[in-house]
Amino acid sequence: MSAPVTVVASWEYRSSVRARWVLTMAAIFGLLCVTVTLLAFRTVRELGLTGIGPASATLVNLGVLLPSLMGLLLGAGSLVGAREQGMLSMMCAQPVRRSSIAFGAFLGLTGSLWTTLGIGYGVALMIMAGVARGSDVPALATLIGATFGVAAASVAIGIGVSSLVSSRVQAVAAGVGLWIVLALGMDLALAALAPTVHLGPVGLLGTILLNPLESGRILALLGTNFEGTALGPFGAYLISGFGTVGSVLLLAADLLAWTVLPLLVARWALPRKDL
Amino acid sequence: MAKGAFLRVERLTKTYRSGWGLNDVSFELPGGTIAALGGPNGSGKSTLLRCLAGLASYRGSAWIDGRKVDASPASRETIGYLPQSVAMPDHATIGEVLDLFADLRGVDRSTIPLPGGFVNDDDVRIGTLSGGQRHRVALAVALLGRPHLLLLDEPVANLDEEGRIAFWSLLRRLRDRDGVTSIVSSPSPSDLRGVADRALFLDDGRLVLEEDLTGPAPLVSEDDPDDLMEARP
Chain A
15 MSAPVTVVAS WEYRSSVRAR WVLTMAAIFG LLCVTVTLLA FRTVRELGLT GIGPASATLV
75 NLGVLLPSLM GLLLGAGSLV GAREQGMLSM MCAQPVRRSS IAFGAFLGLT GSLWTTLGIG
135 YGVALMIMAG VARGSDVPAL ATLIGATFGV AAASVAIGIG VSSLVSSRVQ AVAAGVGLWI
195 VLALGMDLAL AALAPTVHLG PVGLLGTILL NPLESGRILA LLGTNFEGTA LGPFGAYLIS
255 GFGTVGSVLL LAADLLAWTV LPLLVARWAL PRKDL
Chain B
6 MAKGAFLRVE RLTKTYRSGW GLNDVSFELP GGTIAALGGP NGSGKSTLLR CLAGLASYRG
66 SAWIDGRKVD ASPASRETIG YLPQSVAMPD HATIGEVLDL FADLRGVDRS TIPLPGGFVN
126 DDDVRIGTLS GGQRHRVALA VALLGRPHLL LLDEPVANLD EEGRIAFWSL LRRLRDRDGV
186 TSIVSSPSPS DLRGVADRAL FLDDGRLVLE EDLTGPAPLV SEDDPDDLME ARP
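Here the protein sequences come in this chain order: A and B.
The opening position of the first sequence corresponds to residue 15 in my numbering, with each subsequent residue numbered one higher.
The opening position of the second sequence corresponds to residue 6 in my numbering, with each subsequent residue numbered one higher.
Worth flagging that the hints you see were computed from the coordinates, not collected in a lab.
Do not take every clue at face value.
[Claimed, not checked] Covered stretches of chain A (chain B as the covering partner; in silico rule of three or more C-beta atoms under 8 Å from a C-beta of chain B): (1) 25-31; (2) 102-109; (3) 277-288.
Just so we're clear, the structure is a prediction, and the values are computed from it rather than from any experiment.
For every residue, glycine included, the Cβ atom is placed at its ideal position computed from N, Cα and C.
If we strip away everything but chain A, and leave its shape as in the complex, we get:
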């Protein structure tokens, strides 16, 4: 890692963890984690179940939807916001590559988002600690890993957007629009198309890999249910086709691709932009 990347990452990290709305989101995420965990435990006990697997499964949607929105908004506002302030001009006037600035911003913002998520999950894990068993560790690790992966991919997509748009308003609109498409739109479109278009397991897998939020969600669910039964026929196809480890690796690789590709877009677009 070159020094300018580290310098920018450190600056972005400090800047974003000090921003009030990031702190507010951290508090909201922590509160939601605690609430969801407590409610899930209550239900789990009422059903006579044990362990934390069922409770952690309830955190999956929370861990996919909120961090992705935060990541998209953080990333989308980053470069274009600095550009509107004039800070990006001053940074790019230094003897550093613009791609280093984009990558540094990604690392710093991802770090701050991971800190936020870490606080939220940390509180939830303290509650779960009393009933957790050794066998629950993989489920929790996969859930947290999937959430962190979705968060990183969302920040990267946001930074890719930020390198292309010309104002912060456009960036926020694009970030929110993308989140709606990824979180809801693709599911709704699939549901609407299902009766008329026969996608089959391979087609379904393709549409899932086109959506990092869906990859993260399925990855997290696989962690709580390694047989994939919670995912129905698709889970069965995934496990039978790729095995448990192969499925986890496939989905993790998809999240990695969703992180790398937008950063390559930023690497291409930012140097071509007039500041």
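Let chain A serve as the given structure and place chain B on it in line with the hints.
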């Protein structure tokens, strides 16, 4: 490159969708020159400085001390740039801002050749500073690493009289002691009276007057510059 030319600009052209940013601008500056860059609003002053700082694409070429200005980081090693307006984050301290840019340049903070007290103490937050004090911090950033070429976009716009005097005195000292070349844009070039050695006037993206202020006659006068001459430093 002509002997003694530190900065050479050849047919520099920048077009926007709305029209010309810069239109076939050519000039040379010897090392150790302070050039006043004047012209009406929208004449291309900021665009010229941004092109030379490597922040905007253009046609034509620019050479700094024999090295062609391009997108490589090395092109910017000897340049200090101050944009017209900068909004640094309120939560950051002066020390953090200066550290950020010193680290990006790979230089020591002690390289800022500013008189003591020109910038507030390190631990003061940007959010507590006035517009003029923030501008002083941005000026300090531009001076990090002892650049050989300073591109300053309206550097005294937000400074009080004391700050302006200190700044002009500093520019002269950098020129006389270190041979630093500066291009200083200003909507009212008369501010640079007694400071600049050379005047460059832009109008509608074209260089319409280039004048050696140490000599009697304009070097280039493409248009009738009467109206601009009134504002001559």
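Evaluated hints:
Check result for the segment 25-31 of chain A against chain B: holds, 3 residues qualifying (beta carbon to beta carbon below 8 Å, three or more required). Counting residues of the segment 102-109 of chain A whose beta carbon lies closer than 8 Å to any beta carbon of chain B gives 7, which meets the minimum of three for the stated coverage. Only residues whose C-beta sits within less than 8 Å of a C-beta in chain B count toward coverage, and the segment 277-288 of chain A has 3 of them, enough to reach three; the restraint holds.
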